[in-house]
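With chain D fixed as given, assemble chain C onto it according to the hints.
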Amino acid sequence: MPAYQKVYRLLRYGQNLLAVQATVGSREGGDFVRVRLLVDTGSSFTILPVQVLQNLGYDTRNPLRRQELVTGQGRIYAPVINVSWFNCVGQFIENFDVFAHDIPPNLRIDGLLGMDFLTRFQAVISVGDAEIRFE
Amino acid sequence: MSTQTEIDKILTLEEIFSLYPDEWVLIVNPELDEEFSVIRGEVLAHATERDEIYSKLSLRNGKSVAIEYTGSIPDNLAVML
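Just so you know, the sequences run in chain order D and C.
Sequence positions in the first sequence follow the numbering used here and run 1 to 135.
Sequence positions in the second sequence follow the numbering used here and run 1 to 81.
Bound conformation, chain D alone (with noise of 0.2 Å):
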């Protein structure tokens, strides 16, 4: 059984859902906007709204490149943008690579928290206690 450093509460969201809160630090670096992501270990990636990665300072329409994602709507080419920094349940990443792409307003949440990160932190998530470990 492996000790871990650290356990973090999600929040439980509709109908067998996990949020989580995170903060995205501007181009610039010394500024950010906290916003809240469903965690979605069907999602490659970490997705975050175009208005507030542009109003960080991020170029969407010039973007390091466009990557096709498959959704429950069907296909799109999202642009990928590599934030300055990204902080969440503890996990400070500088240079951190996002999707910038708009997931349904009606579910009242900014974005997703995809695998990429959940992977690079090799993170435990315990989804009858709501927690997120981390070895």
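A portion of the hints provided could be inaccurate.
Subject to a maximum C-alpha distance of 25 Å in a straight line, what follows is the list of computed SDA-like cross-link-like pairs (lysine to any residue) [as the list claims (entries may be wrong)]: (1) C:K63 to D:G29; (2) D:K6 to C:E35; (3) C:K63 to D:G90; (4) C:K63 to C:E35; (5) C:K63 to C:D51; (6) C:K63 to D:N95; (7) D:K6 to D:D102; (8) C:K9 to D:G90; (9) C:K63 to D:E94; (10) C:K63 to D:K6.
Calculated directly from the structure, the hints in this document are not laboratory data.
Note that this is a predicted model, so its numbers are computed, not measured.
Frame of chain D, contents of chain C only:
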């Protein structure tokens, strides 16, 4: 749909939820706890629609903000993205 900008006044999250029920709010200079929950801050704008509050991000003028929805999330909200 309505969006309004607010005067500067530091409010606790509880006060913000009470003053702006079922709305999206933009909280400037938020004081956050270690899990990034807002403790207090100033309400810069509030709106009934999420995308309206995104369009108000330009008002932050380089200050840090938190985006918060003050309504309850329906227990039967189900998602397949």
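Taking 25 Å as the top limit, are the C-alpha atoms of K63 of chain C and D51 of chain C close enough?
-> 19 Å, holds
Does K63 of chain C pair with G29 of chain D here, judged by a C-alpha cut-off of 25 Å?
-> 11 Å, holds
If you draw a straight line from the CA of K63 of chain C to the CA of E35 of chain C, is it 25 Å or shorter?
-> 20 Å, holds
Going straight from one Cα to the other, do K63 of chain C and K6 of chain D come out at no more than 25 Å?
-> Cα-Cα ~30 Å, so violated.
Restraint status (C-alpha distance of K6 of chain D to D102 of chain D at most 25 Å) | Since the Cα atoms of K6 of chain D and D102 of chain D sit roughly 31 Å apart, the hinted pair is violated (cutoff 25 Å).
25 Å Cα cutoff - pair K9 of chain C, G90 of chain D | With a Cα-Cα distance of about 29 Å, the restraint between K9 of chain C and G90 of chain D is violated, given a limit of 25 Å.
Given hint G90 of chain D paired with K63 of chain C - CA-CA distance at most 25 Å | Measuring from Cα to Cα gives roughly 22 Å; hence the hint holds.
Are K63 of chain C and E94 of chain D close enough, with their CA atoms no more than 25 Å apart?
-> At roughly 20 Å apart (the allowed maximum being 25 Å), E94 of chain D and K63 of chain C satisfy the hint.
Holds or violated: K6 of chain D with E35 of chain C, Cα cutoff 25 Å?
-> 12 Å, holds
Going straight from one Cα to the other, do K63 of chain C and N95 of chain D come out at no more than 25 Å?
-> It holds: about 21 Å lies between the C-alpha atoms, which stays within 25 Å.
Comparing the model with each earlier hint shows violations of hints 7, 8, 10; every other hint is respected.
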